[in-house]
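Could you put the whole structure together from the sequences, leaning on the hints where they help?
One-letter residues, chain by chain:
Protein chains: 2
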Amino acid sequence: MAKIKKIDHVALVVGDIETALSFWRDALGLKLEHIQDAPREKSAIAFLPVGGVEVELVQPTSDDSGIAKYLEKRGPGMHHICLEVDDIEAMLTQLKEKDVQLIHKEPVLGDGGKKYAFIHPKAAFGVLVELYELP
Amino acid sequence: MAKIKKIDHVALVVGDIETALSFWRDALGLKLEHIQDAPREKSAIAFLPVGGVEVELVQPTSDDSGIAKYLEKRGPGMHHICLEVDDIEAMLTQLKEKDVQLIHKEPVLGDGGKKYAFIHPKAAFGVLVELYELP
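Chains as they are written, first to last, in my numbering: chain A, 1 to 135; chain B, 1 to 135.
Worth flagging that the hints you see were computed from the coordinates, not collected in a lab. Hints should not be assumed to be uniformly reliable.
Unchecked claim - If you only want the chain A side, here are some residues facing chain B, beta carbon under 8 Å, derived: (1) I7; (2) L12; (3) A27; (4) L28; (5) I103.
Note that beta-carbon positions come from the ideal geometry of N, C-alpha and C, so glycine has one too.
Right, dumping it as structure tokens:
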């Protein structure tokens, strides 16, 4: 049976990373590791690691992205949590056997060789859950 | 300067813990540590620790609780993230100096001697943030 190892990150949607850093970095004191462009998701992401988990601030960089639509509809706030799994193929098989509704039925190959897949929030009681297998 | 040590937990609002466990425990395979009644918050909480962070499923046990109203208004989903801090008094002072809007201006004494305070979601760009100092 595939195993969840840890929470990899918690992703927060923000309208503007620099403005949101006034709270997360300047007031709370979290360290900004770096800001990265994510053209595939039409967004920019700020990484603030704390105790082995990343807080990620995700800002849409295009009005037609999924993140931009989410922000327009729901406003800024928590977007998803990402769980690191030891074997993503085995986990997706396990979830399909239990009829868990998936956004990605097969892993998607992401930057740096990591594999990811999203579980549908309907299956996770309103929570958007991402699965990661790191290379 | 007070320091955030880690994410202590991510709290998810659910209508019914037993039903939600069909996903979080039975499909994903997270371990249910225990379910605890939280009469102060008029809720029950299931604790599913993973990699040093707790996933908490919070179910209202009374229709007039804050959690019940949240659930009615927004549906199930992510509710708040809790950050462990080394010195909560110093952190609250630091936040007040930066005009961060707080729900609790002073720490509240919780179960087992832990101290907690909530930051207003307006200050945290739509995210409800709890601070913990463990005894």
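Hint by hint, work out which the structure violates, then give me just those numbers in ascending order.
-> Structure breaks hint 5 only.
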